[in-house]
Amino acid sequence: MKNKHVLPGFGLALGITLVYLSLLVLLPLSGLAFKASSLSAGELWNVATSERALASYRVTFGASLLAAGINAVFGLIVAWVLVRYPFPGKRLVDSLVDLPFALPTAVAGITLATLYAGNGWLGRFLEPLGLKVAFTPLGIVVALTFIGLPFVVRTLQPVIEDIEPEIEEAAASLGASRLQTFLRVLLPGVFPALLTGFTLAFSRAIGEYGSVIFIAGNMPLISEITPLLIISKLEQYDVIGATALALVMLVISFVMLLAVNALQWWSANRHHGREKVSL
Amino acid sequence: MSGQTTRLATAEPRWLRAVLMVVGLGFLFFFLALPLVAVFVEAFQGGMSAYVEALRHPETLSAIGLTVFIAVFVLPFNIAVGVAAAWAIAKFDFRGKSLLITLIDLPFAVSPVVVGLVFLLIFGAQGLFGPWLAAHDVKIVFALPGMIIVTLFITFPFVARELIPLMQAQGKDEEEAAISLGASAWQMFFRVTLPNIKWGLLYGVILANARAMGEFGAVSVVSGHIRGETNTLPLHVEILYNEYNAVGAFASASVLALLALVTLVAKTVVEWQMRRETVMLDTPLAPENVGQPSGTQP
Amino acid sequence: MPRWVSRIAIVAAIVLVGAAPAVAQTSLLNVSYDVARDFYKDYNPLFQKYWKAKTGETVELKQSHAGSSKQVRAVADGLEADVVTMNQASDVDFLAEKGLVAKDYAKRFPNNASPYTSTMVFIVRKGNPKALQDWSDLVKPGVQVILPHPKNTGNGRYSYLAAWGYALKQPGGSNKSAQEFVGKLLKNAPLFAAGGRDATTTFMQRGIGDVLVSFESEAELIAKEFGKGSFDVVYPSLSILTEFPVAIVDKVVDKKGTRKLAQEYLDYLWSKDGQENAAQNYLRPRDPEVLKKHAAEFPAIKTFTVDEVFGGWAKAFPAHFKDGGTFDQVYQSK
Numbered sequence: 000m001k002n003k004h005v006l007p008g009f010g011l012a013l014g015i016t017l018v019y020l021s022l023l024v025l026l027p028l029s030g031l032a033f034k035a036s037s038l039s040a041g042e043l044w045n046v047a048t049s050e051r052a053l054a055s056y057r058v059t060f061g062a063s064l065l066a067a068g069i070n071a072v073f074g075l076i077v078a079w080v081l082v083r084y085p086f087p088g089k090r091l092v093d094s095l096v097d098l099p100f101a102l103p104t105a106v107a108g109i110t111l112a113t114l115y116a117g118n119g120w121l122g123r124f125l126e127p128l129g130l131k132v133a134f135t136p137l138g139i140v141v142a143l144t145f146i147g148l149p150f151v152v153r154t155l156q157p158v159i160e161d162i163e164p165e166i167e168e169a170a171a172s173l174g175a176s177r178l179q180t181f182l183r184v185l186l187p188g189v190f191p192a193l194l195t196g197f198t199l200a201f202s203r204a205i206g207e208y209g210s211v212i213f214i215a216g217n218m219p220l221i222s223e224i225t226p227l228l229i230i231s232k233l234e235q236y237d238v239i240g241a242t243a244l245a246l247v248m249l250v251i252s253f254v255m256l257l258a259v260n261a262l263q264w265w266s267a268n269r270h271h272g273r274e275k276v277s278l
Numbered sequence: 000m001s002g003q004t005t006r007l008a009t010a011e012p013r014w015l016r017a018v019l020m021v022v023g024l025g026f027l028f029f030f031l032a033l034p035l036v037a038v039f040v041e042a043f044q045g046g047m048s049a050y051v052e053a054l055r056h057p058e059t060l061s062a063i064g065l066t067v068f069i070a071v072f073v074l075p076f077n078i079a080v081g082v083a084a085a086w087a088i089a090k091f092d093f094r095g096k097s098l099l100i101t102l103i104d105l106p107f108a109v110s111p112v113v114v115g116l117v118f119l120l121i122f123g124a125q126g127l128f129g130p131w132l133a134a135h136d137v138k139i140v141f142a143l144p145g146m147i148i149v150t151l152f153i154t155f156p157f158v159a160r161e162l163i164p165l166m167q168a169q170g171k172d173e174e175e176a177a178i179s180l181g182a183s184a185w186q187m188f189f190r191v192t193l194p195n196i197k198w199g200l201l202y203g204v205i206l207a208n209a210r211a212m213g214e215f216g217a218v219s220v221v222s223g224h225i226r227g228e229t230n231t232l233p234l235h236v237e238i239l240y241n242e243y244n245a246v247g248a249f250a251s252a253s254v255l256a257l258l259a260l261v262t263l264v265a266k267t268v269v270e271w272q273m274r275r276e277t278v279m280l281d282t283p284l285a286p287e288n289v290g291q292p293s294g295t296q297p
Numbered sequence: 000m001p002r003w004v005s006r007i008a009i010v011a012a013i014v015l016v017g018a019a020p021a022v023a024q025t026s027l028l029n030v031s032y033d034v035a036r037d038f039y040k041d042y043n044p045l046f047q048k049y050w051k052a053k054t055g056e057t058v059e060l061k062q063s064h065a066g067s068s069k070q071v072r073a074v075a076d077g078l079e080a081d082v083v084t085m086n087q088a089s090d091v092d093f094l095a096e097k098g099l100v101a102k103d104y105a106k107r108f109p110n111n112a113s114p115y116t117s118t119m120v121f122i123v124r125k126g127n128p129k130a131l132q133d134w135s136d137l138v139k140p141g142v143q144v145i146l147p148h149p150k151n152t153g154n155g156r157y158s159y160l161a162a163w164g165y166a167l168k169q170p171g172g173s174n175k176s177a178q179e180f181v182g183k184l185l186k187n188a189p190l191f192a193a194g195g196r197d198a199t200t201t202f203m204q205r206g207i208g209d210v211l212v213s214f215e216s217e218a219e220l221i222a223k224e225f226g227k228g229s230f231d232v233v234y235p236s237l238s239i240l241t242e243f244p245v246a247i248v249d250k251v252v253d254k255k256g257t258r259k260l261a262q263e264y265l266d267y268l269w270s271k272d273g274q275e276n277a278a279q280n281y282l283r284p285r286d287p288e289v290l291k292k293h294a295a296e297f298p299a300i301k302t303f304t305v306d307e308v309f310g311g312w313a314k315a316f317p318a319h320f321k322d323g324g325t326f327d328q329v330y331q332s333k
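Residue numbers (numbering that gives the first Met the number 0), protein chains in the order written: chain A, 0 to 278; chain B, 0 to 297; chain C, 0 to 333.
Same shape as in the complex, but just chain A (with noise of 0.2 Å):
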């Protein structure tokens, strides 16, 4: 409580925030909705829960969680390894991080689908295993691994670099090992920001289009994602419909991310629990 006060500009920034938010988000959101409204919520729930629509939330969302599971693992890895470890050439690999998001999604998918097309440079390994990745749902998941992974690797990057080597002293001090250490204080420190790398991988690889399409196979119920479905419709001059479909997409998200969210509210109240239980 006596906390509240102490440091200045809380009305400023949020107001900020608040104004910001929803003029260019909330606002335009809700337009979504409004147009959607023209549908009778009948007809909005045949759109959203046709046959092909309901296969392509469970392909939309599923590649989405495992691609950012995937990411949260290497990615916490990655980062760990560019802020302790030195090694020659870390700076060109610390900058290739960003390519995801520099490359236009569609030269992602183009160059991803190369790669891993049967006579690919990887293709060519991975087919004679049994491993088909283009033009399956598997290339949907290496589509959004590789637009999601700046996510989490630039989310903890700041910080692991944070991360007072005092802590690790003590513990160590105190007889933990490496493995207790990191299970016990470092990753608790580092959880936060590696819920919000997820969720950022998470969300941003639901709504991706560019990327997938080209490496999908767009198969109807087995390889179609929901934003295709999205432009399937528009190409059929259905606004209304594509907005409906739009906002199922919306609330489905949006309770996904709320719901991480809070999760990660929670752990990060239990870990700095000492300073904030007062309140």
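Hints are computed from structural coordinates only; laboratory data are not their basis. Backbone N, C-alpha and C fix where the C-beta goes; we use that ideal spot for every residue, glycine too. Hints are not guaranteed to be accurate.
To be verified - Computed footprint of chain A on chain B; a stretch qualifies when at least three of its residues, placed anywhere within it, have a C-beta under 8 Å from a C-beta of chain A:
id, segment
1, 16 to 23
2, 34 to 40
3, 93 to 100
4, 109 to 123
5, 171 to 183
6, 240 to 254
On the provided structure of chain A, position chains B and C as indicated by the hints.
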């Protein structure tokens, strides 16, 4: 605390280091380096001269200019709002915080195609403000303003989302100390907060910047694709590719990858500059802080 | 602090104001589909020269290219196109419906308002190892067919309708047999490419599939990029005539006062120079003389139009490509 022994106790065993490096770098190799190499291989398929020729095309040059302009233009907005949002969220407790964070995340979850559609629904000729805009001859969509607006939308979360976990982990003791010692709000911000968050801020800016330059889907919807006028580099890449001009397309794509590298070079310079300043400031007062900002071991 | 804030505000104001461009010079915006760029890149200078000689004016010609239906949606949403040059009547129909283009646009220019045509052909592996000669060979088990998404792309739709029309015109052909035929064809597609170009990359570069269904004009572009000897072109016994309708956007030209220019710009497509340019870009010219001159490049092929077999795009589109149409039906029953 003799550095030698503590370092050993707080570092991973040699074999684990090796494993982590192999796994981490291997992952980067397969997911990032190979695609990048593939892009350059395609770009140089026609040899160096074809590559240079492709890039010197006036339409390519104008696309590069437009892309860089938009990225630079949205930068200050992203920084100001991102810092404000992170400050409110990380340093204060209020009701509905989770909701606010989720709303900030929302632009990520909206499919780029839908982002474009949303702004068409508002500013397009058949949209909410369309008739009014047409009557006053103001162009938003299919012109630069529309492209800037969608770029602001898609890059909005980056800085805030980068800063929130960082500021959260840092707590608020230092700022509170500054205030209780009589610092003004701006003094506190520039002397205490900003130095603490500079890396997170920089990472946020780098990401936002890369995304602003690379965005295709959303911008594509509101651009109108007019050559030499509203064609950004990613759109140009797509068009060239569809025209069976793979060399031109991948050459332009390689420029985007290089533009991202420029940001990284900027980061390195800033990093270096800051370390020098910190050393100069800190040396007489607190020798043990030397070199600490980077946080890395030698 | 306030100083940089105000600076940004000034820059923002300049950008926002500056974005509404003052039209100083006569300019014309041609909004078109994506592979048409090569054609207009050559055509525009021809017209500029012609216009300069005729009126002494210099005209600025602006081009916009992207996916066909995406482009007309943009025009409907306010992209100020003076003329649209598309690859499917359904796209121009949409603008007519919105009141931007005259309802009878197809009658305002000769040849159904399509200055050139093309047709769907097969691209097969060198030497045609699977001996694919006609549509009926494409539905045989074990043949992999590559085509762009039939529901979402122009080339895909033409391929779909071509196969449908072929099956319909076989002895005893009916809509039912045609649907079965097309269903079998789609079952032979291992993937649906994102667009025409992506289908080509998949077939040529990634080595997937035995046959690529594509525009005749595209075959020449493929030869340009991947080498002439790297594949064979097969002309089926019957295919679809693909038309590329052009139209003046009345609403825009009346506002900008560019009607005369727009009219001439499109008329000139039917001139000898315009027709010759079409042939140069591997598109079949309408002018019989020009066509004759290039007869070697355009082998005779029996074709049908969308109007003849399907009663026009206005009917074909909802029947086959809208949600619940024949394409969706193939994928409904698992």
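Hints, verified against the model:
1. For the segment 16 to 23 of chain B, the stated coverage by chain A is satisfied: 5 residues place a CB nearer than 8 Å to a CB of that chain, which reaches the threshold of 3.
2. Counting residues of the segment 34 to 40 of chain B whose beta carbon lies closer than 8 Å to any beta carbon of chain A gives 4, which meets the minimum of three for the stated coverage.
3. Against chain A, the segment 93 to 100 of chain B contributes 6 residues with a C-beta closer than 8 Å to a partner C-beta. That satisfies the three-residue criterion, and the hint holds.
4. A stretch counts as covered by a chain when three or more of its residues have a beta carbon under 8 Å from one of that chain; for the segment 109 to 123 of chain B and chain A the count is 10, and the coverage holds.
5. Counting residues of the segment 171 to 183 of chain B whose beta carbon lies closer than 8 Å to any beta carbon of chain A gives 5, which meets the minimum of three for the stated coverage.
6. Counting residues of the segment 240 to 254 of chain B whose C-beta sits closer than 8 Å to any C-beta of chain A gives 4, which meets the bar of three, so the coverage hint holds.
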